[in-house]
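Colleague: Listed below are the residues making up each chain.
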Amino acid sequence: MSFLKISGVSKSFAKGSGKVEILKDINLEIQKGEFVALVGYSGSGKTTLISLISGLLKPDVGQVTLNGSTITGPGPDRGVVFQNYSLLPWLTVYQNIHLAVEQVFPDWSAEKKDKHTLDHIAMVSLSQARDKKPKELSGGMRQRVALARALAMDPQLLLMDEPLGALDALNRAKLQDEISAIWAQAQKTVVMITNDIDEGIYLADRIIPLSHGPGATLGPSIPINLPRPRSRLTMTHTEEFKEAKLQVLEFLLKSNSQKKTSVAKTLTLPNIEPEDLGRKSFPWNRRKTPIRKTEIKNETIQIET
Amino acid sequence: MEKRFKLDWLILPLVGMMIITLIWNLVSSTVSKELPSPGQTWEKSKEYILKPFEKRGEMDQGILRFTWYSLVLVAKGYLLALVIGIPLGFLLGLSKVFSRIFDPIIQILRPVSPLAWLPLGMVIFLSAGSKASDLGALFTIAVCAMWPTVLNTAVGVRAIPQDYLNVARVLKLSRTKTLFKVLLPATLPYMFTGFRLSLGIAWLVIVAAEMLTGRPGVGGFLWQEYNALIYEHIILCIVTIGLVGFLLDRGMFLLESRFKSI
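Protein chains in written order, with my numbering: chain P, 1 to 305; chain U, 1 to 262.
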């Protein structure tokens with residue numbers, strides 16, 4: 001039995017009077033200890049998918065199961081690294097992580113909690129900055145704190161929503177290495193969302209493209225069998241890498257060109273209602289013509305092609 | 001800002017004060033003979049300023065002693081306003097239904113002048129006998145000063161980024177923990193803006209309340225000296241009220257900017 005199973009999941013959001021289907025019939029199985037990267041265009045519903053796994057959102061159709069039990073709400077067994085760090089700005093690095101530790105392991109002694117917190121700060125090499133507030137840290141450091149917080153919860157599943165999206169290329173590469181090292185050491189199951197195919201191939205066991213929304217679906221899952229530890233320099237020259245990248249790109253480009261053009265027009269119905277002569281005209285009402293019923297109740301229809 | 005010369009921060013405001021004093025002197029010597037001149041005012045107020053804590057009689061005390069009375073009452077009313085205002089603000093910010101129910105009432109009550117609340121306050125506490133005027137004043141301060149705190153807190157709660165709430169949900173923080181670890185700290189900067197505005201209003205209200213109830217304090221003293229035809233003291237009171245109000249606002253501003261910096 002697979003560890004995480006997403007079966008037949010669809011999710012729509014209300015938009016105006018209608019609905020927009022973000023995800024359509026998503027099926028995915030992930031084994032324990034696997035590192036899976038989901039790649040897709042921005043706006044294709046990647047964050048929605050991660051929110052569904054974390055339980056912050058509920059699917060309209062289908063279900064997400066972890067270890068065989070259906071996910072109904074968020075919980076600390078699924079650590080989330082949010083796209084915009086989501087650190088509490090009034091707490092220091094230590095306090096941010098300690099809050100999570102305290103919450104997940106309430107039975108531990110104070111020393112054990114303290115040690116666990118410090119260990120995780122050290123893991124992301126931020127011991128120097130343990131008493132700094134998030135605003136005093138650079139983007140890369142903040143993201144490390146967020147990563148440490150998620151790992152300190154000792155989750156069964158680590159979810160990362162474009163964790164490195166806001167970083168510059170150099171910091172990005174550095175943090176990729178760190179994530180890779182931490183993953184090798186902690187052996188967690190990881191689902192990472194990214195818009196960088198190279199990043200996905202470098203880190204993941206399996207890379208899955210997500211087609212362009214609305215109504216995004218998962219593409220074929222492409223296994224990456226490059227040996228670990230991987231080297232950024234030599235990796236890009238291997239046939240394996242080129243092949244994987246090509247497959248992902250092909251799927252993404254194809255899904256983009258097949259994207260339906262949808263036109264939404266708002267039409268006002270023609271004025272065929274009779275004039276409302278029953279309405280009294282008041283002296284302060286300067287208009288000469290009687291009011292038509294359509295003006296009172298403005299009717300519009302939406303047409304989508 | 002451009003710095004023109006040394007000590008301009010001190011000299012320029014002094015120049016402004018001198019200009020105002022000159023105009024005041026001019027007006028008192030030409031247009032309105034009843035208006036005491038700056039010299040007269042100092043002469044008559046000297047005793048109250050130089051012995052600021054002396055008590056010669058119920059309505060004849062040093063100016064800082066009067067100020068102290070007023071401040072004590074303001075502090076009580078202000079605390080009452082905060083105690084009621086903060087939870088009310090949180091409820092308004094957190095619950096759409098609650099906000100729909102009470103927002104119209106708040107918008108209607110908010111612009112009512114303290115002068116209108118005071119008689120009602122005294123009526124409410126009529127049974128308290130001699131304490132009625134004090135309790136009435138307290139009620140008035142609380143009712144008038146509450147609104148900025150209520151509204152700013154509500155706005156602050158509504159403005160909490162979804163990210164913080166997501167963190168609370170992922171960590172499965174309990175309701176109380178979410179309130180104290182996430183909602184309250186996230187709202188604090190907004191709340192302090194409310195606190196500052198509320199304190200300003202509380203100080204405005206105290207003068208009006210004292211004038212009407214005649215209790216000892218800066219406002220009560222002002223009104224009594226008007227009736228006793230000692231106009232110099234009216235100016236003394238105005239200057240005192242202004243200075244104290246300014247200091248309170250500065251103090252709150254410093255506190256506020258400390259919390260804003262998070």
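Hints were generated in silico from the structure; no laboratory data involved.
These figures come from a predicted structure and were not determined experimentally.
Note that CB positions come from ideal geometry on N, CA and C, so glycine has one too.
Fair warning: there could be bad hints in the mix.
As the list claims (entries may be wrong) - Capping the alpha-carbon separation at 16 Å, the derived lysine to aspartate or glutamate pairs in EDC-like fashion look like this:
no., chain 1, residue 1, chain 2, residue 2
1, P, Lys113, P, Asp60
2, P, Lys115, P, Asp77
3, U, Lys44, U, Glu225
4, P, Lys58, P, Glu21
5, P, Lys58, P, Glu102
6, U, Lys46, U, Asp60
7, P, Lys19, P, Asp60
8, U, Lys172, P, Asp154
9, U, Lys76, U, Glu34
10, U, Lys172, P, Asp60
11, U, Lys172, P, Glu102
12, U, Lys177, P, Glu102
What the hints assert, rightly or not - Chain U residues, not near chain P, derived (Cβ > 12 Å throughout):
no., residue
13, Asn25
14, Gly57
15, Leu120
16, Asp163
17, Lys181
18, Val182
19, Leu184
20, Ile238
21, Phe253
22, Phe259
Colleague: Compute the least Cβ-Cβ separation between Phe259(U) and chain P, then decide whether it is above 12 Å.
Modeller: Incorrect as stated: the minimum Cβ-Cβ distance to chain P is 9 Å, not above 12 Å.
Colleague: Taken at face value, is the distance from the CA of Glu102(P) to the CA of Lys177(U) at most 16 Å?
Modeller: holds (12 Å)
Colleague: Please settle this one: Gly57(U) was flagged as non-interface, so is its CB more than 12 Å from every CB on chain P?
Modeller: For Gly57(U), whose nearest Cβ neighbour in chain P is about 51 Å away, the distance exceeds 12 Å, so it holds.
Colleague: Please confirm whether Val182(U) is truly not at the interface, meaning its C-beta sits more than 12 Å away from all C-beta atoms of chain P.
Modeller: Label violated. Min Cβ-Cβ 7 Å, cutoff 12 Å.
Colleague: Confirm or reject the statement that Leu120(U) sits farther than 12 Å, beta carbon to beta carbon, from all of chain P.
Modeller: Given a closest Cβ separation of 38 Å, the condition holds.
Colleague: Just to be careful, I want the Cα atoms of Lys115(P) and Asp77(P) compared with a cutoff of 16 Å; is the pair within it?
Modeller: violated (20 Å)
Colleague: Are the Cα positions of Lys58(P) and Glu21(P) separated by 16 Å at most?
Modeller: Measuring from Cα to Cα gives roughly 14 Å; hence the hint holds.
Colleague: Test the statement that Asp163(U) is away from the interface with chain P: the closest C-beta pair must be farther apart than 12 Å.
Modeller: violated (4 Å)
Colleague: Lys172(U) and Asp60(P) were given as a pair; does the straight-line alpha-carbon distance stay at or below 16 Å?
Modeller: It is violated: about 23 Å lies between the C-alpha atoms, which goes past 16 Å.
Colleague: Could you let me know if the closest chain P CB is still more than 12 Å away from the CB of Lys181(U)?
Modeller: violated (7 Å)
Colleague: Sort out whether Glu102(P) lies within 16 Å of Lys58(P), counting only the CA atoms.
Modeller: Distance of about 27 Å is beyond 16 Å: violated.
Colleague: Do the alpha carbons of Lys172(U) and Asp154(P) lie within 16 Å of each other, as the hint requires?
Modeller: holds (14 Å)
This entry does not satisfy hints 1, 2, 5, 9, 10, 16, 17, 18, 19 and 22, going by the numbered hints stated previously.
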